[in-house]
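Enquirer: Two chains, two frames, a set of hints: combine them into the complex.
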Amino acid sequence: MNAIPPSEKDLKAQLDGATPVMAQYLEVKAANPGSLLFFRMGDFYELFFEDAEQAAGALSLALTKRGKHQGEDIPMAGVPAHAAEAYIAKLIRMGFRVAICDQLEDPSEAKKRGYKAVVKRGITRIVTPGTLTEDSLLEERGANRLVALSQRAGVMALASLELSTGEVECLELTPETLGTHLSALRPSESLVSDRLLQDEHLYALLKYCGGAIQPQPASLSDPSAGEARLKRLYGVETLDGFGAFSPSELSALGMLAAYIDLTQAGKAPVLKAPKKVASLAYLAIDPSTRLSLEIERTQKGSREGSLMSAIDRTITSGGSRLLAARLSRPLNAPLEINQRLDAVQWFLAQRPLRQEVRQRLRGMSDMARALSRLGLGRGGPRDLKVVRDCLDLARDMVALLQPTDPESRLDPDWPAEIHAHVEALTAGETVLDLLFKLEKALVDEPPLSTRDGGFIKPGYNSHLQDAITLRNDSRQIILRMEADLQQETGLPLKIKYNAVLG
Amino acid sequence: MRFSTPELIDLDARIARAGSDALNLELAIFEDLREEVRSNAHPLQDMFDAFCALDVAAAAAEWAEDLEATRPVVDDSLIFDAKGARHPVVVAALRAEGKPFTPNDCCLDASGQTGPRLDLVTGPNMAGKSTFLRQNALLVIMAQAGLFVPATSFRLGVVDRLFSRVGAGDDLAQGRSTFMMEMVETAAILTQATHRSFVILDEIGRGTATFDGLAIAWACAENLHEVVKARALFATHYHELAQLESLLAHTHNISMTAREWNGELIFLHEARRGAADRSYGVQVARLAGMPPVVVARAKDILERLETDKAHQLKLDDLPLFATVQAQVSVATSQKPAETELEKALKGINPDDLSPREALEVIYRLRGLV
Chain A
1 MNAIPPSEKD LKAQLDGATP VMAQYLEVKA ANPGSLLFFR MGDFYELFFE DAEQAAGALS
61 LALTKRGKHQ GEDIPMAGVP AHAAEAYIAK LIRMGFRVAI CDQLEDPSEA KKRGYKAVVK
121 RGITRIVTPG TLTEDSLLEE RGANRLVALS QRAGVMALAS LELSTGEVEC LELTPETLGT
181 HLSALRPSES LVSDRLLQDE HLYALLKYCG GAIQPQPASL SDPSAGEARL KRLYGVETLD
241 GFGAFSPSEL SALGMLAAYI DLTQAGKAPV LKAPKKVASL AYLAIDPSTR LSLEIERTQK
301 GSREGSLMSA IDRTITSGGS RLLAARLSRP LNAPLEINQR LDAVQWFLAQ RPLRQEVRQR
361 LRGMSDMARA LSRLGLGRGG PRDLKVVRDC LDLARDMVAL LQPTDPESRL DPDWPAEIHA
421 HVEALTAGET VLDLLFKLEK ALVDEPPLST RDGGFIKPGY NSHLQDAITL RNDSRQIILR
481 MEADLQQETG LPLKIKYNAV LG
Chain B
503 MRFSTPELID LDARIARAGS DALNLELAIF EDLREEVRSN AHPLQDMFDA FCALDVAAAA
563 AEWAEDLEAT RPVVDDSLIF DAKGARHPVV VAALRAEGKP FTPNDCCLDA SGQTGPRLDL
623 VTGPNMAGKS TFLRQNALLV IMAQAGLFVP ATSFRLGVVD RLFSRVGAGD DLAQGRSTFM
683 MEMVETAAIL TQATHRSFVI LDEIGRGTAT FDGLAIAWAC AENLHEVVKA RALFATHYHE
743 LAQLESLLAH THNISMTARE WNGELIFLHE ARRGAADRSY GVQVARLAGM PPVVVARAKD
803 ILERLETDKA HQLKLDDLPL FATVQAQVSV ATSQKPAETE LEKALKGINP DDLSPREALE
863 VIYRLRGLV
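First to last, the protein sequences are chains A and B.
Going by the working numbering, the first residue of the first sequence is number 1, and it counts up by one from there.
Going by the working numbering, the first residue of the second sequence is number 503, and it counts up by one from there.
Next comes chain B alone, as it looks inside the complex (with noise of 0.2 Å):
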């Protein structure tokens, strides 16, 4: 049951209003020091700008403590010269799983007075080629944006433009083909890469038939040698650009090492002057969990190839040629005559069939055996 009485709704009437008084009070106070704070917005801005890069200086000290960073020199020059570097990604990953990272060492000028242009990197497939060239791209930007870098010593003269084509999705502009993407950036960087640029490509020419691939990573090495004449890193799986070292004048070979041990593969993730001999795909292909079998023909027809090259062609200047002609060697040489049972395999055309006439391919093909 409800009761109300007169001097209750007086009282009601009493306390409402002096409830709503005090919060209309306290609206008009919220309210003037809103209008205080907005007219000084600017100074508190600025205030919170000052706590912001103070927190960013402390942090990037604290990082570089514990990273043992150096603090990079930079300055006009078109130097690049990277001592006991590390990828500071890669670098805090194996540290959280205990294991050390192999530095590695980097010296580029683009005036080609205290080191080479353009290095060419070859080296077997996981042997970290990528991280070696990442690493060299990230220690730019951390430099350039004012922290410490995760080396022994670092000096850089001031990169203008960025250039990475490592493993790049092709998310970008979906609905192209992989090699054409790969044409359209790497062509961006051939036209808007200047001398102060700083370029690191991975296996350009991949996406196409090999002597097409080969044909054009030759041409982009030289052009960005020649022409651009950035500071540039330049990975490749065709052994035959190794040459370029002698037909250039500022360009190094580096590899990135690797050892057959017992038959296994060791990575030794480390970046060394001279070309790699040899590129170990057959080895990483078992790593890779390929069947046997199809490592065993692998290495056949890899020996096969090798012998081949020694007795039939000389590589000289004309790498293309080689390979080439190696290709078209395995192409005749491996092809086994057609059987009968081939021969109507290939005469079927699935689409064609209807579910009863599949049935009687397959009791045909059955008889031909």
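The shape of chain A in the complex, shown without the other chains (with noise of 0.2 Å):
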């Protein structure tokens, strides 16, 4: 987004000469500047010309050569396709915006289409700041948000979004109020239209609070062309379900959208609906106060010795990541106000059950995050376990929430708080029925990736466990064919798999 896409004229000067390979690559890198390109080639994903240049130095990585270009050596670097996520995290926490080129079909494909045919590759994802997903990427206390600024007709719009976690939310406010709002969500990366940015002082708060700053151009801010786009994200016919917004509002939701199309090559996230949010909900606390009373963080920038360190004793980082939210977003309604302090008090007067739930929660996983991975189609096994276990735990929750009384539990003395998330914790008939399917079909300790397998019950499907029962016994088979050979030959011979002979 940073730089501008070369003209076609430029683009076609640069292809002249290139191999098909390098011809890719050029097109890919031209359609997406202002990331580094990584390019899958086989076991590896490679970085070319300037971008090699870049990487080496940021990665230490070695820079050697691959061709020629129009007479020039192409400078290249890379690194294993299975360690990428690690080099990956890096490049982002130093402030670069990386495109991920897969290969989009096996090898073997491609040869079928002829001797000199290129495997099939595209962008499949582009990792910014504000859009990871991967809790190696994340911070696990803290939230990651993306946050959009836009302006129409004199009204100003902000709008942010999680995406590990499918929270979004929009409101309007003032040039005056941005401050509070903005340093309130903290966020870590900002779409801003070019023409915001050239207010000075907008700048300086957004170079203070807004993350990573990316110019974005103002035909994107278009509220009507934002509402379509907003429309496929949620995948809905009309926003009437989610209330009413204004076209500043539409604006800045609408490039989020886009961003999250561009950076999700296409694949639509599991969102909640965009919340609209009241300017005035909320107690303002201006950057500086937020700076001065060390809420979140010191002035020195660390977490110890801020108000969130000094009285957090949440379990969950889902549970710190809330308080933290609630720390920096005051409510300001004493109704709102007293029915969470109710809450508070609730669980002050019963001890024991609060420690009990505690006890339960120590064991619960990041499940927002690992629905927000399995909803873009990434996500392994064991995210599904996260689900799973989740759901079993929401099950003993709601048990144990209830009192033990009979007679109370018609009416249970709960306070409207409780009473919400018992309600929440209650599965209904399609969740209980993903639970049984999870707990039917998959192993107990699934692995991590699906590469290997091992992680559906064979006896979930009687398909793979035929499969499995010949695979399985072949290896009987082996063994029994080494010990026939070895007799017959009375030699020690053996036989073993070998990926490249078999």
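Do not take every clue at face value.
Simulated restraints, written as ranges between beta carbons of each label pair [stated by the list, open to error]:
(1) A/Q359 / B/T616: 19 to 27 Å
(2) B/D854 / A/G57: 25 to 33 Å
(3) A/E8 / B/A515: 44 to 52 Å
(4) B/V795 / A/R303: 54 to 62 Å
(5) B/R775 / A/G301: 36 to 44 Å
(6) A/R451 / B/D577: 33 to 41 Å
Since the hints were derived computationally from the structure, they do not count as laboratory data.
Glycine residues also receive a C-beta, built at the ideal position from the N, C-alpha and C atoms.
Expert: Rendered as structure tokens:
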């Protein structure tokens, strides 16, 4: 987004004399300026030209050469695909964006098209600071938000999206109150139209608490186009179900939608409905006040010594994120505040139950992030395990929160908040169905990746059972054959599997 | 040596097929399950949120029990009334070291009915002014976040905007001077704060010359009280501001107490009604490890200033004037005549000197002694 894509004429000139793979590379690169391009070649992601030089410097990789392009050596650097995540994490932390270009077909498919055919490749994702979903790239107890700032007809709107948990919200504000809201959200990345960035004051503010700034062309901030993109993102015909949005809100939400579409290469994440926030719903705290009161961090930037670190007794990473969010944005309606206080008081009065609840929470994993990965078609068997275990835990928790005395079961003394939580934790029919399936299908401790199989219980599916029996029996057959041959020849022959020869 | 036989090759094909068949089946089942999770994503997300909220409520109760915190009474009034309040972070740090924390009360009411609107907080440096100010602002945040607060009781009329300028760094906009920064931020408070806001301000005007600073601090305090009408704590080292208590309808003086004992300074960390009688700056300087000569000299000057004040000036409603006079008298009475050596030194511009010339200057200066 930062760089202007080269014109078609420039691209043609660049392609002149390029090998087929290099031509493919240059075309993908030209379509994705402003990111380091990780180009999949076999077991490696390779970087070329300037990207290679930058990445080699940033990651201390060996800079090598691969052939020539227009008479010049092509600089190249690469990382093994299986270890790419760690390298990408490092680059993101250093402020780079990384575009991942994968092989979209098996090389054998390409060979069928002809001796010289190139494997189909395409961008599968652009990794940016505000669109992370992997646990290794995310801070466990911190939120990771992407925001978009827009202004239409003098009204400013800020929209925010957390891809790793599916939270989306937007609000209208004024330039004076932007700092208050921006510093409460603390985004990792901000999308802002070029025009707004010319405002010096705004730019300084974004630089201070807006994370990585991505200037957006004015064409992306059109409200009606934004509305259309938003409908596509949510897969809905109309936005009426979400409430009424102003043109500036649609513009900001639309910028988010465009960026998600770009960075997730068209895959639609599972998002919650966009929440329209009233600008006055929260206690307004400006950036200087936050800094001065050391709410989430001290003035030196450490968590140690902040209000959050002094009072945070939560067990789960999600709980910790929620507490931080509440401290960043205290409410300002007594009714809602008192509802929260009722829940705290209820737990304060029930010490043994509280301990029991906390004990159960200890085993909980971060389902929000697992859901986001599964929704985007990433994620592995272990993410399914997280869902299964959370559903299990929900069943336990509901039983635990029920009063033991049978008479009060019909009308428990729950405060409104606890009541709502119990309701949310009580699984509906389709969710119960899912739990039933997961319990039957998934092995107890599945591997991280789907690559080597072994995550589905063989008994779940008869075809799977047959194939596995055959596979395992085959191993038996090899052993038997080995013994036979050894006897026959009288030599210590061994039959071993070999990836090259078979 | 490696061999392969037709029998083995056939077997290999069967194994490979069975293996990849199994994997493909597993993958297909995985995709089915993933799709089913996806279509149930919304109830699952709600379930996760409920877990998080239960965690927060139980954790807040755990913390409240541990710290003997109390449930705040939050309503629509304009009152801020904390009794026996403690700073949530400092109290935890002190407890880890086995030290006690001195609880403090703070009572404000923007309407002026049940308490002052503005508290002027004076007291020596290091006596805990900043801690006291921050502690009260943090009570607002915690209460409105729906948490219990470290106090014996706390009533809070909801606050719409919270402003704190206490020891804020100037990292926000680098390049501006500290004083400019301070003025920009103070301006923001005076223009944005409302009757329902809560403001804590520390040492406004410290970044500039004494009278400028005092004048600005005075005007800001007046404006907060008269125009903004917000609940505010205003810490200052300008003891002259203490007179505002008698000039403004809803202002109290609060001081952070300290006692001198055997020539040492003991901080009591206690907020009391009334202005601090002196700033103990000289004692603090000694605690900070200033050379004894400097401390002794400072004491001399302080005594002189204090007698001058008492004799020549009346501290009425023009404290600016008093300070001006005191300052000027120091400047004139303390300045000894310039010596030859000083004159010679002043005449040197180091940037204009070559190394050789510099050496010559040193010889010449040596000759003057």
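Enquirer: Now tell me, hint by hint, if it's right for this structure.
Expert: Taking the hints in turn, this is what the structure says about them:
{"no.": "1", "hint": "A/Q359 / B/T616: 19 to 27 Å", "in the structure": "violated, 45 Å"}
{"no.": "2", "hint": "B/D854 / A/G57: 25 to 33 Å", "in the structure": "violated, 44 Å"}
{"no.": "3", "hint": "A/E8 / B/A515: 44 to 52 Å", "in the structure": "holds, 49 Å"}
{"no.": "4", "hint": "B/V795 / A/R303: 54 to 62 Å", "in the structure": "violated, 43 Å"}
{"no.": "5", "hint": "B/R775 / A/G301: 36 to 44 Å", "in the structure": "holds, 38 Å"}
{"no.": "6", "hint": "A/R451 / B/D577: 33 to 41 Å", "in the structure": "violated, 59 Å"}
The structure fails hints 1, 2, 4, 6 (numbered hints given earlier, in ascending order).
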